[in-house]
Amino acid sequence: MDKVQLLLSLAIALFSIGLLGVIVRRNLLVMLMCMELMLNGVNLSLVTFAHQMGEMVGAVLVFLIFVVATAEIAVAIPIVLLLVKRKHSLDLGAYMDLKG
Amino acid sequence: MGALSWIVVLPLVGFLVNGLAGNRLGKRFVSVVGCGLPIASFLIAAASVAALLANDSKPVIDVAFTWATFGRQSFEIAFYLDRLSAVMVLVVTGVGSLIHIYSTGYMHEDESYARFFAYLNLFLFFMLLLVLGRSMLVLFVGWEGVGLASYLLIGFWFEDPEKAAAGKKAFITNRIGDAGFLLGMFLVFFACGTLDMDRVNAIFAQGVPAGVTASVIGVLLFIGATGKSAQIPLHVWLPDAMAGPTPVSALIHAATMVTAGVYLVARMSGIFVHAEFASNLVATIGVLTAFFAASVALVQTDIKRVLAYSTISQLGFMFLAAGVGAYGVAIFHVVTHAFFKACLFLGAGSVIHAMSGEQDIRKMGALAKKIPVTFATFAVSTAAIAGLPPLSGFFSKDEILWFAYGSSFGGAPWLLLLASATALMTAFYMFRLLWLTFFGSPRMDEEVAHHIHESPWSMTGVLVVLALLAAFGGFFSIPHFLEPLLPLPLIRPEAQSFHGPLVWIATGLGVGGLLLAAYFYANDGERAARLKPKFERIHKLLSGKYYIDELYEAVLGRPLNWISEKVFLRIGDRFLIDGSLDGLAALAQRSAKGLARLQTGNLHLYTFLVLAGLVGALLWSWRNG
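Chains F and Y, in that order, give the protein sequences. Quick note: the first sequence uses our numbering, first residue 1, plus one each step. Quick note: the second sequence uses our numbering, first residue 1001, plus one each step.
I should point out that these hints are in silico values taken from the structure, not numbers from a laboratory. Quick caveat: nothing in here was measured; it's all calculated off a predicted structure. Glycine included, C-beta positions come from ideal geometry on N, C-alpha and C. Be a bit skeptical, because a hint or two may be false.
[To be verified] Below are the DSS-like pairs computed for lysine-lysine, each with C-alpha atoms no more than 30 angstroms apart in a straight line:
#1 Y:Lys1363 to Y:Lys1534
#2 Y:Lys1593 to Y:Lys1168
#3 F:Lys87 to Y:Lys1593
#4 Y:Lys1363 to F:Lys85
[Said to hold, decoys possible] Every beta carbon over 10 angstroms from chain Y, so not counted as near; a handful from chain F, in silico:
#5 Thr70
#6 Val75
#7 Ala76
#8 Arg86
Based on the sequences and whatever the hints tell you, model everything.
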């Protein structure tokens, strides 16, 4: 297996682990972490493809994604904190009544 | 920046200093800055005018900076000093400085002392911009600026809703005139390609440019002037403007700002000499305004309102002179009027000061001995406005009457007739005011009578200076001084021989008004009171000010309210705008409620469904790819 295939496999693995985690785990924080795993899997594949095509733009784009992801997590964590403050539970099932 | 720019900028500096830091710096500092800078302006102006005259009256142009450039056009902030603006700038800074000094005494107890001086300085800045601007655009900035300052100062005591409303009325009424002025300016620019007034006059001197008629421009500019100078039909704001502090009435609503319209007409005389229709309109409106305002002044009982209607009436005289082509004479009356009317208003302020705020002349009387300086100066100015020789008002009014009749540029007997009747009424109501205020028996309360006192020297000193100017200002012949710039119209041949008799008529009118007033108001107005029931209807009409305000309310105010309420509010705002927005919101809410039934609230299920969708899409694209 050459390096590209190895990296892509790693990316797929990260993404799948993350997805699995989001689907099966019920802890809010863990779900958030798994989402970050998925994001990093995609990022890795992006860098890999960029490297393969010899384009620097992809690598730069990754940094942009990092910034956006940071912003996103900075919003997500307070939301989780507020939720926990209300019901003292990290379990997803406790928040089923949030539907419209 | 040359000297002219400094004349204009110094009051602005005063405004900024007093406006930003005045409250913290104490009244003494505010007075020094507030009065010192206008006086400095006056001194620079005097030096500039002296230099102008020494240099054979060659106009001085001072370009401060270029405002805007587009294509080959450029608008400069440039100041222009010729004999006409020299006269105006001396009056504005001179009388302005005097009134500033007076205000230090008059407003001394006021909490917003610094704000008052800041506004006064701001006004002076804009007024100087107006009279010194070379371009109509600069003039217009000043024109709007004095309107703003006037609004701020009329509503100076804005805690009183009535006074705030008076400021608003002045501002809105002026807007109507300004629309006309703007349109006129557009036409001038379209015709001449420049707004520099000396160039416009030079272009018109060679004939009217193609594509415009002088009368249309003239009428539009005059509409602007009717707003600022309170002529029919836009005169309604000036009497209400008396809500402002008295120095403001003297400075803005008597001596300077309201004469801006006359200055505009004189400044654009190059256009008006070609505009016969517009000039006739100016003369007609002027003489009608003079007549009607004077008749209203006959029955007013508020000391400041009498003076306000008198101001409107005198402004009418100025426009009458401008309308028959005697622009220099109009400016002459602007100057003499600035002296005696400022003195009268400030005298009225001194009276009000002495009377603890009372303004009703029916509750005054016998003040002559108690406030002798105010009385003496008030009497001199009254005689001046009534046109008794050899005081200043006599000269300017006599010239106006003469040209109203004799000018070959629209002079007519009926103009003279109405103007003479107005002059008689002027003398009558002014002496009536003098009698009711200063003679007869005291009619005020004990409490008020006890407090009567002469004003401090800062006020009486100014009164004395202005009274001297009102008395002797007429000996300086401004029409002659301005003749190289604003030539006087030719005299109709058949009127030539009438000049001698007219002087006697003018004198007779003044003396006649004096005697009539003395007769009717000798014993506290006993004879006048006996006469009143016979003329009940006329009296009612006059004290109702011809019901012009009520007419505007019925014709303009109420329909506007109705349209706003029924059409714009109900149909436009509530039905169309609110209705469509509320409808959209309701639609979104209702459909969301329907769709919400599809939700389970289980995040895992959602994720799983997303995954399933993703897989499905991938499979489909793989199959069909």
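Quiz item: Val75 (chain F) clear of chain Y by more than 10 angstroms, beta carbon to beta carbon?
Solution: holds (17 angstroms)
Quiz item: Do the alpha carbons of Lys1363 (chain Y) and Lys1534 (chain Y) lie within 30 angstroms of each other, as the hint requires?
Solution: holds (24 angstroms)
Quiz item: Taking only the CA atoms, is the gap from Lys1593 (chain Y) to Lys1168 (chain Y) under or equal to 30 angstroms?
Solution: violated (50 angstroms)
Exercise. Take the C-alpha atoms of Lys1363 (chain Y) and Lys85 (chain F), compute the straight-line distance between them, and say whether it is at most 30 angstroms.
Key: Measuring from Cα to Cα gives roughly 75 angstroms; hence the hint is violated.
Quiz item: In terms of Cβ atoms, is chain Y entirely out of 10 angstroms range of Thr70 (chain F)?
Solution: holds (23 angstroms)
Quiz prompt | Satisfaction of hint between Lys1593 (chain Y) and Lys87 (chain F), Cα-Cα up to 30 angstroms | solution = holds (25 angstroms)
Practice problem: Just double-check Ala76 (chain F) for me: nearest Cβ-Cβ distance to chain Y has to come out over 10 angstroms. | Solution: holds (13 angstroms)
Quiz prompt | Outside-interface status for Arg86 (chain F) - nearest CB in chain Y farther than 10 angstroms | solution = holds (15 angstroms)
In summary, the structure is inconsistent with hints 2, 4 from the numbered list given earlier, while agreeing with the others.
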